[in-house]
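Asks: Sequence:
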Amino acid sequence: MKLKALTLAALLAMATTASAEVKIALDSKPDLETSGSYNWAYAFGNALKEAGMEVREMPRGSVGNEAEKFDQVSTGLLEVSLSDVRAVAQVDPFIYGVRLPYIFDNIDHMDRAMAAGDVYTRVNENLAKQDAILLALAPLGPASGVITTTKAVRSPADMSDLRMRALDDAQIAMYQAWGSSGTIVPWGEVPAGLQTGVIDGYLNSPFIPVMFGQTDFVKNFATADVIWPLRAVIVSKTWYDGLSDDDRAAVDAAVETADAATRAWLAEASENGLTALEEKGVTVQRLTDEERAVFREASLPVYNSDLMSAEDTALWKKLSDENR
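The sequence shown begins at 1 in my numbering and counts up one residue at a time.
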């Protein structure tokens, strides 16, 4: 009992000591050229510094994996984390709507739909039970394309003999709808999987193979524009609620600054990402609207998966349709 009390006291002391410092757990290398999420974190941190707050960036992996980061946010030991959207979805699956294939034409479309549906308020009502808040969704980069090691892809039919890395069961269902197959592989194991043939590719933003040094074995990128890769910016509710009125206003303003900075970066990044791939020897298949429409049509069965309720899926489709 005494040990538990001492442990709790130590944790509280750590939280009190760190309360004057805002720690931001990064999800990628601190590279403003290739990482949209770092553009967000950098702009957010600088805005806080200008408001007189102390900020410290925590390198990717330095404070643990996704589950550990969420636990630290929930207990108030970590103020800000750029996390996988799944970290939020484990509390409220409704957020998975942002990962439905072809649900948004672009990030502006997503912003309009989320505002119209008051999505942040809805999600944060549930996250509050875990002492966390979703502050923003930061685009990791341009829309996800089909990344492969060998075979060039221009249609779902080209993927019939490929096994793709999947994020979750819904993505496996999408690959199956395309006539391919998928298997869930942790990100840290993806390079080995690609090099050994365990997987033949994955979906992600064009900057990712460059950022993670995969262009020696990744050889093709098809601009299918399936989903917008996003990071969930989650913060400690204990920390946020404990801020002074001025500091809380500074944090809210910093979110707006970071959102604007990331979207400005994204406007140029779509073509820059493809160029960066080509400079590294990766062949880019620039799909036509007609070719992309084939992928969109083939993806429709994912909307009927059990990742979300039919009611929630219908609401996301309604928000998308009404805010184009």
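Honestly, I wouldn't trust all of these hints.
Stated by the list, open to error - As a list, the in silico EDC-like pairs of lysine to aspartate or glutamate whose alpha-carbon atoms are at most 20 Å apart: (1) LYS151 to GLU278; (2) LYS151 to ASP108; (3) LYS29 to GLU50; (4) LYS23 to ASP216; (5) LYS23 to ASP92; (6) LYS49 to GLU291; (7) LYS237 to ASP216; (8) LYS129 to GLU66; (9) LYS49 to GLU66; (10) LYS237 to ASP108; (11) LYS318 to ASP105; (12) LYS317 to GLU278; (13) LYS23 to GLU297; (14) LYS318 to ASP306; (15) LYS151 to GLU291; (16) LYS151 to ASP216; (17) LYS237 to ASP105; (18) LYS318 to GLU297; (19) LYS237 to ASP321; (20) LYS318 to GLU50; (21) LYS318 to GLU57; (22) LYS49 to GLU21; (23) LYS237 to ASP306; (24) LYS23 to GLU66; (25) LYS317 to GLU54; (26) LYS317 to ASP92; (27) LYS49 to ASP216; (28) LYS280 to GLU268; (29) LYS219 to ASP161; (30) LYS317 to ASP131; (31) LYS237 to ASP247; (32) LYS129 to GLU290; (33) LYS318 to GLU189; (34) LYS219 to GLU189; (35) LYS219 to ASP306; (36) LYS29 to ASP131.
Claimed, not checked - Derived Cβ-Cβ restraints for the label pairs, each shown as a range: (37) ASP105 to GLU278: 41 to 47 Å; (38) GLU50 to THR196: 37 to 43 Å; (39) GLY213 to ASP161: 22 to 28 Å; (40) THR150 to GLY242: 50 to 56 Å.
These are calculated hints, taken from the structure and not from any lab test.
For every residue, glycine included, the Cβ atom is placed at its ideal position computed from N, Cα and C.
Asks: Could you run down the list of hints and mark each one as holding or not?
Replies: A quick look at each hint next to the structure:
1. LYS151 to GLU278: 16 Å, holds
2. LYS151 to ASP108: 33 Å, violated
3. LYS29 to GLU50: Violated, at roughly 23 Å.
4. LYS23 to ASP216: 34 Å, violated
5. LYS23 to ASP92: 25 Å, violated
6. LYS49 to GLU291: Distance ~46 Å between LYS49 and GLU291 Cα, so the pair is violated.
7. LYS237 to ASP216: 43 Å, violated
8. LYS129 to GLU66: With a Cα-Cα distance of about 18 Å, the restraint between LYS129 and GLU66 holds, given a limit of 20 Å.
9. LYS49 to GLU66: The hint is violated at about 26 Å.
10. LYS237 to ASP108: Violated, because 27 Å separates the two Cα atoms, which is more than 20 Å.
11. LYS318 to ASP105: 14 Å, holds
12. LYS317 to GLU278: 35 Å, violated
13. LYS23 to GLU297: 43 Å, violated
14. LYS318 to ASP306: 18 Å, holds
15. LYS151 to GLU291: 17 Å, holds
16. LYS151 to ASP216: Roughly 15 Å between the alpha carbons, so the hint for LYS151 and ASP216 holds.
17. LYS237 to ASP105: 32 Å, violated
18. LYS318 to GLU297: 18 Å, holds
19. LYS237 to ASP321: Distance of about 33 Å is beyond 20 Å: violated.
20. LYS318 to GLU50: 40 Å, violated
21. LYS318 to GLU57: 38 Å, violated
22. LYS49 to GLU21: 10 Å, holds
23. LYS237 to ASP306: 30 Å, violated
24. LYS23 to GLU66: This hinted pair holds, its Cα atoms lying about 16 Å apart.
25. LYS317 to GLU54: 41 Å, violated
26. LYS317 to ASP92: Since the Cα atoms of LYS317 and ASP92 sit roughly 18 Å apart, the hinted pair holds (cutoff 20 Å).
27. LYS49 to ASP216: 39 Å, violated
28. LYS280 to GLU268: 19 Å, holds
29. LYS219 to ASP161: Measuring from Cα to Cα gives roughly 17 Å; hence the hint holds.
30. LYS317 to ASP131: 29 Å, violated
31. LYS237 to ASP247: Given pair LYS237, ASP247 holds - Cα atoms ~14 Å apart, limit 20 Å.
32. LYS129 to GLU290: Roughly 45 Å between the alpha carbons, so the hint for LYS129 and GLU290 is violated.
33. LYS318 to GLU189: The given pair, whose Cα atoms are some 37 Å apart, is violated under the 20 Å limit.
34. LYS219 to GLU189: 18 Å, holds
35. LYS219 to ASP306: 34 Å, violated
36. LYS29 to ASP131: 27 Å, violated
37. ASP105 to GLU278: 41 to 47 Å: 25 Å, violated
38. GLU50 to THR196: 37 to 43 Å: 48 Å, violated
39. GLY213 to ASP161: 22 to 28 Å: 27 Å, holds
40. THR150 to GLY242: 50 to 56 Å: With Cβ atoms ~53 Å apart, the hint holds.
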